[in-house]
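We have chain A already, so just place chain B on it with the hints.
Chains A and B are the protein sequences, given in the same order.
To get our numbering, take the position in the first sequence, counting from 1, and add 25.
To get our numbering, take the position in the second sequence, counting from 1, and add 25.
It is possible that part of the hints are untrue.
Copies of the same chain look alike in the list, so a pair counts if it fits in one copy or across any two.
[Unchecked claim] The calculated DSS-like cross-link candidates involving lysine-lysine, where the alpha carbons are at most 30 Å apart (straight line), are:
| # | residue 1 | residue 2 |
| --- | --- | --- |
| 1 | 48 | 160 |
| 2 | 160 | 49 |
| 3 | 189 | 34 |
| 4 | 213 | 95 |
| 5 | 189 | 160 |
| 6 | 189 | 95 |
| 7 | 114 | 95 |
| 8 | 213 | 49 |
Since the hints were made in silico from the structure, they are not lab data.
Remember, predicted model here, so these are calculated numbers, not experimental data.
The residues making up each chain are set out below.
Protein chains: 2
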Amino acid sequence: MAITAQIVKELREKTGAGMMDCKKALGETDGDFEAAVKLLREKGVAKAAKREGRATAEGVIATYVHPGDKLGVLVEVNCETDFVARTEKFQEFARDIAMHIAAINPLFVTRDEVDQDSLEKEREIYRQQALNDGKPEKIIDKIVDGRLEKYYSEIVLLEQPFVKDNDQTVEGLLKEASATLGENVVIKRFSRFRLGE
Amino acid sequence: MAITAQIVKELREKTGAGMMDCKKALGETDGDFEAAVKLLREKGVAKAAKREGRATAEGVIATYVHPGDKLGVLVEVNCETDFVARTEKFQEFARDIAMHIAAINPLFVTRDEVDQDSLEKEREIYRQQALNDGKPEKIIDKIVDGRLEKYYSEIVLLEQPFVKDNDQTVEGLLKEASATLGENVVIKRFSRFRLGE
Chain A
26 MAITAQIVKE
36 LREKTGAGMM
46 DCKKALGETD
56 GDFEAAVKLL
66 REKGVAKAAK
76 REGRATAEGV
86 IATYVHPGDK
96 LGVLVEVNCE
106 TDFVARTEKF
116 QEFARDIAMH
126 IAAINPLFVT
136 RDEVDQDSLE
146 KEREIYRQQA
156 LNDGKPEKII
166 DKIVDGRLEK
176 YYSEIVLLEQ
186 PFVKDNDQTV
196 EGLLKEASAT
206 LGENVVIKRF
216 SRFRLGE
Chain B
26 MAITAQIVKE
36 LREKTGAGMM
46 DCKKALGETD
56 GDFEAAVKLL
66 REKGVAKAAK
76 REGRATAEGV
86 IATYVHPGDK
96 LGVLVEVNCE
106 TDFVARTEKF
116 QEFARDIAMH
126 IAAINPLFVT
136 RDEVDQDSLE
146 KEREIYRQQA
156 LNDGKPEKII
166 DKIVDGRLEK
176 YYSEIVLLEQ
186 PFVKDNDQTV
196 EGLLKEASAT
206 LGENVVIKRF
216 SRFRLGE
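Chain A on its own, in the form it takes in the complex (with noise of 0.2 Å):
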């Protein structure tokens, strides 16, 4: 593997060890970088405590504290320019989605996320219900079909009702803000803790 510059820098940052000793460690490694990494701290050139990788996505960290502070959201909401992440309208956005999450209580950002497991159980539970309903089998797919489609729309985000007006969705605000920005806006994950969960 080619030892180009970028990956010297990339290592230097992750390690803070000198130039000299990054490209050393990355012959010696054949190019690999974690290798490289693991080689750097048992010759005791590199930090034990990792540095931070840097940021690069624009944007802000929001947080919402219901009142009496038994419940609270962190959120990270990206855009692509920090010009963007400093107007009132970005930030706005970014503390509606986390007043939003203290509300609603959503599991996951998006769909992609859920879990396969937790989607057979729903699947097999909503399948056993239509059965106990006596539906005919060969429409019992497309009846567990259509309650998963709820089961989203109660535990995924971006596909909720957005809580200061159920008439969008989430998903709906977040195009909204984007083409009222100008620019692609991400919410990337959150947090949430409500007392002696």
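Chain B in isolation, oriented as in the chain A frame:
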């Protein structure tokens, strides 16, 4: 298994189903709580989205967002009574912890949470470092243990020097707060988002 009033109550809270439905489900599943939840779901009398469990611990959810909105922390700090949770002293402690986490970037609250795989990897690196430094084999375990202690103090919140007063650890600060407030105080969990990470 005996079907107590307590378990019926819990099943009602968990599923939102009526008392008679819950009793019946528990009867049919021989008192198995999870099986009863599943049965109620299948019968369609329980809600699809899980209800939130009742909060038992007292305390607060605190946040800290670093100026510029690129770094934020969410933390849950527990105490025994809501009376103490509302005191300025307790709330200041929670805010201090959130700020410390933002500044120092711990990975775990206690050393019990550190996963064994990471530990083994660290051990192996320290061993290799010591061998490379030409240390005699018989003292290597001791050196590895020593470096591991240092590693803990870098990544475990309670063992880190407190950011506003390096002379004491976060655990020391916590014990002090606990003594002043007259209640057991626990840092339960935290989440730390840095933009683009």
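**OP:** Would you list, in rising numerical order, the hints stated earlier that this structure does not obey?
**Re:** 3, 5 and 8
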